[in-house]
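Enquirer: Residue numbers (this note's numbering): 878 to 1375.
Honestly, I wouldn't trust all of these hints.
Derived EDC-like pairs (lysine to aspartate or glutamate); straight-line CA-CA distance at most 20 Å [to be verified]: (1) 899 / 952; (2) 898 / 938; (3) 1244 / 1264; (4) 1110 / 1171; (5) 893 / 989; (6) 899 / 938; (7) 1010 / 1206; (8) 1197 / 1171; (9) 1290 / 1318; (10) 1110 / 1186; (11) 1110 / 1185; (12) 1046 / 1318; (13) 1313 / 1278; (14) 1046 / 1206; (15) 1105 / 1206; (16) 1105 / 974; (17) 1197 / 1151; (18) 1110 / 1206; (19) 1290 / 1240; (20) 1203 / 1107; (21) 1105 / 991; (22) 1105 / 1204; (23) 1203 / 1171; (24) 899 / 974; (25) 1313 / 1286; (26) 1244 / 1318; (27) 898 / 953.
So the derived label-pair ranges between C-beta atoms look like this [as the list claims (entries may be wrong)]: (28) 1240 / 1152: 28 to 38 Å; (29) 1151 / 1224: 35 to 45 Å; (30) 1105 / 1131: 25 to 35 Å; (31) 1109 / 915: 40 to 50 Å; (32) 1182 / 1327: 47 to 57 Å; (33) 899 / 1109: 50 to 60 Å; (34) 1048 / 952: 22 to 32 Å; (35) 1278 / 1182: 54 to 64 Å.
In case anyone wonders, no lab produced these hints; they're calculated from the structure. Note that the structure is predicted; figures quoted are calculated from it, not measured. Note that CB positions come from ideal geometry on N, CA and C, so glycine has one too.
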Amino acid sequence: MKSDDKSYHTRTPGWKHAFGKKLENILGKGGVVSAGDELIAYDADALTGTRIIPMFVVLPESAAQVSAVLGLCYEEEVPFVPRGAGTGLSGGALPTEEGVVISLSRMNRILEVDIANERVVVEPGVVNINVTKAVSPYGYYYAPDPSSQVVCTIGGNVAENSGGVHCLKYGVTTNHVLGLEVVLPGGEIIETGGKTLDRPGYDLTGLVVGSEGLLGIVTKVVLRIVRKPETVKTFLAAFGRIEDAGAAVSGITARGVIPAGLEIMDNLCIRSVEEAVHAGYPVDAGSILLVELDGPAAGVEAEMPIVEDVLRENNATLIKMARDAKERDLFWKGRKNAFPAMGRVSSHYYVQDGVIPRSRLAEVLGKVEELSREYGLRVANVFHAGDGNLHPLVLYSAANEGEPERAHELAGKILRACVDAGGSITGEHGVGNDKKVYMGEMFAESDLDAMNVVRCSFDPKGLSNPGKVFPTPRTCVEQGAKPYTEHPLQKAGMGEMF
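Please work from the sequences and hints to get the whole structure.
Expert: Now the structure itself:
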């Protein structure tokens, strides 16, 4: 990370103090965290296996402040890591020792609620569920609903292209983001997209969504909201074997029914969740399947008997429909608390996130069970069955020598099984620091080089969330990156175009 003859490693002894003062000049003393005991709170995201204390944490309150901080970092060649609520599960917000964490928690305003055009404009620190709360009185809601939606923020959702239990029918974050304000690594502020559809030019909004903080920092988001459905019906079905639950998923979609949600949990998850939440799950079931239908009343009524027939055809031992909204919420509360509930049965667990075609569910679940026996570690399965997004939780104890390493190795083999089945190493948690080593399982070196060319056009110095996504170090100098003032985005005057 050099510029001419200067690098971070040759800073003068008083440089860090002077740099901190410059940050305070931009943000005020209350906007800069530098005390060691306070920095510990930012040393990892929700994947806590790796922890790094950053040099500083800053708390900007506006895009202008973010721009000033990035401009300073660019000038001083200091890496920076954007951070939302810290609920990510791939190490995407893992700091660098020599860098700055830019926490967007204070940028938490809902800027505009435009019901007439079905749009909401928010800052990145707005909690996901608060968008729905803001528009619910008008009969609308925000569809992407990660399990952490009561704490995760829109900025983090944008970075990871988060999904949720209703993504089968309504899509993931990218399907609901129409425009962005982005601060580029040199400090320039650009706008991409907007309230209208099909803007001319390259789809930079789609490029930034899911880019995991490597292209800059999002400071404003234009969201699409949808009207609440007329009718919602939620089924809980129990099965003796998880393979039967998987077959029921394929059977439902094969009959032309696209539920709002299709979620599977195995017995280990069922028991831990029921102990924690008391959701009404049958603890003796091998697995359960949650099926939610929504839409016009006539359409839902027509789909219900089809779903029930498929569940019976696949050996469901119990079919229960939620009696009211309260019971429906309880069913989903159980599913959304599956991860934290596992703490009741294991001192440690490692969450993975892979995707497979629905038709390969039974095969891959069988492979997961085989790997579990081979490694002598329990694996709990909970997943978005409708789009084949698996979330195996590998249980282990850090107190047992070698178990953490075996857990990581087992999780890696599960990801390889997903890729071998025609799937992906991530569905919604992102690549981050955790899964970059597996990128080579899906992409050739030329593919990764092409991705890096895009990254370098935004960030030729490689300061924005460095060390993430790419499996091996790829510098922009190797790919002929120009100095920032000469690169195409600046020359095009994009801030004036959008």
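Enquirer: Decide, hint by hint, whether the structure agrees.
Expert: These are the hints, each one checked on the structure:
For the hint linking residue 899 to residue 952, the alpha-carbon distance of about 12 Å falls within 20 Å, and the restraint holds. Distance hint between residue 898 and residue 938 is fulfilled; the C-alpha atoms sit about 18 Å from each other, no more than 20 Å. Of the pairs offered as hints, the one joining residue 1244 and residue 1264 holds, with about 19 Å between alpha carbons and a cut-off of 20 Å not exceeded. In summary, the hint linking residue 1110 to residue 1171 is supported, as the alpha carbons are separated by about 6 Å, within the 20 Å threshold.
For the hint linking residue 893 to residue 989, the alpha-carbon distance of about 39 Å lies beyond 20 Å, and the restraint is violated. Between residue 899 and residue 938 the alpha-carbon distance is near 16 Å, which keeps this suggested pair within the 20 Å criterion. Between the alpha carbons of residue 1010 and residue 1206 the distance comes to roughly 15 Å, so the proposed pair stays at or under 20 Å and holds. Annotation: proposed proximity of residue 1197 to residue 1171 holds, straight-line Cα distance about 17 Å (limit 20 Å).
Restraint check: the Cα-Cα separation between residue 1290 and residue 1318 comes to about 11 Å, which is no more than 20 Å; the hinted pair holds. A C-alpha spacing of about 16 Å is found between residue 1110 and residue 1186, which places the hinted pair at or below 20 Å, so the restraint holds. As the CA atoms of residue 1110 and residue 1185 are separated by approximately 12 Å, the hinted pair is consistent with the 20 Å bound. Note on residue 1046 and residue 1318: the hinted pairing is violated, with a Cα-Cα distance of about 29 Å set against a maximum of 20 Å.
A C-alpha spacing of about 25 Å is found between residue 1313 and residue 1278, which places the hinted pair above 20 Å, so the restraint is violated. With a CA separation close to 19 Å, the supplied pair residue 1046 and residue 1206 stays within the 20 Å bound. With a CA separation close to 15 Å, the supplied pair residue 1105 and residue 1206 stays within the 20 Å bound. Simply put, residue 1105 and residue 974 have alpha-carbon atoms about 46 Å apart, too far for the 20 Å limit, and the pair is violated.
The suggested pairing of residue 1197 with residue 1151 holds, with an alpha-carbon distance near 16 Å, which does not exceed 20 Å. At most 20 Å may separate the alpha-carbon atoms for a hinted pair to count; residue 1110 and residue 1206 meet this at roughly 11 Å. Note on residue 1290 and residue 1240: the hinted pairing holds, with a Cα-Cα distance of about 14 Å set against a maximum of 20 Å. Among the hinted pairs, residue 1203 with residue 1107 is consistent with the structure: their alpha-carbon atoms are about 17 Å apart, no more than 20 Å.
The suggested pairing of residue 1105 with residue 991 holds, with an alpha-carbon distance near 16 Å, which does not exceed 20 Å. As the CA atoms of residue 1105 and residue 1204 are separated by approximately 18 Å, the hinted pair is consistent with the 20 Å bound. Distance check on the hinted pair: residue 1203 and residue 1171 sit about 16 Å apart at the alpha-carbon level, within 20 Å; holds. Annotation: proposed proximity of residue 899 to residue 974 holds, straight-line Cα distance about 19 Å (limit 20 Å).
Between the alpha carbons of residue 1313 and residue 1286 the distance comes to roughly 14 Å, so the proposed pair stays at or under 20 Å and holds. Restraint check for residue 1244 and residue 1318: the C-alpha separation of about 18 Å stays at or below 20 Å, so the hint holds. Only pairs whose Cα atoms come within 20 Å are accepted, and residue 898 paired with residue 953 is accepted, the gap being roughly 13 Å. Roughly 31 Å separates the CB atoms of residue 1240 and residue 1152, a value that falls within the hinted 28 to 38 Å.
The given range of 35 to 45 Å is broken by residue 1151 and residue 1224, whose C-beta atoms sit roughly 20 Å from each other. One distance hint, 25 to 35 Å for the beta-carbon pair residue 1105 and residue 1131, holds here, with the actual separation near 28 Å. Here the CB-CB span from residue 1109 to residue 915 is close to 44 Å, well matched to the stated 40 to 50 Å. Distance hint check: the CB atoms of residue 1182 and residue 1327 are about 49 Å apart, consistent with the given range 47 to 57 Å.
Checked against the hint of 50 to 60 Å, the pair residue 899 and residue 1109 passes, with Cβ atoms roughly 53 Å apart. For residue 1048 and residue 952, the Cβ-Cβ distance of about 40 Å falls outside the hinted range of 22 to 32 Å, so the restraint is violated. As the Cβ distance of residue 1278 to residue 1182 is approximately 55 Å, the hint placing it in 54 to 64 Å holds.
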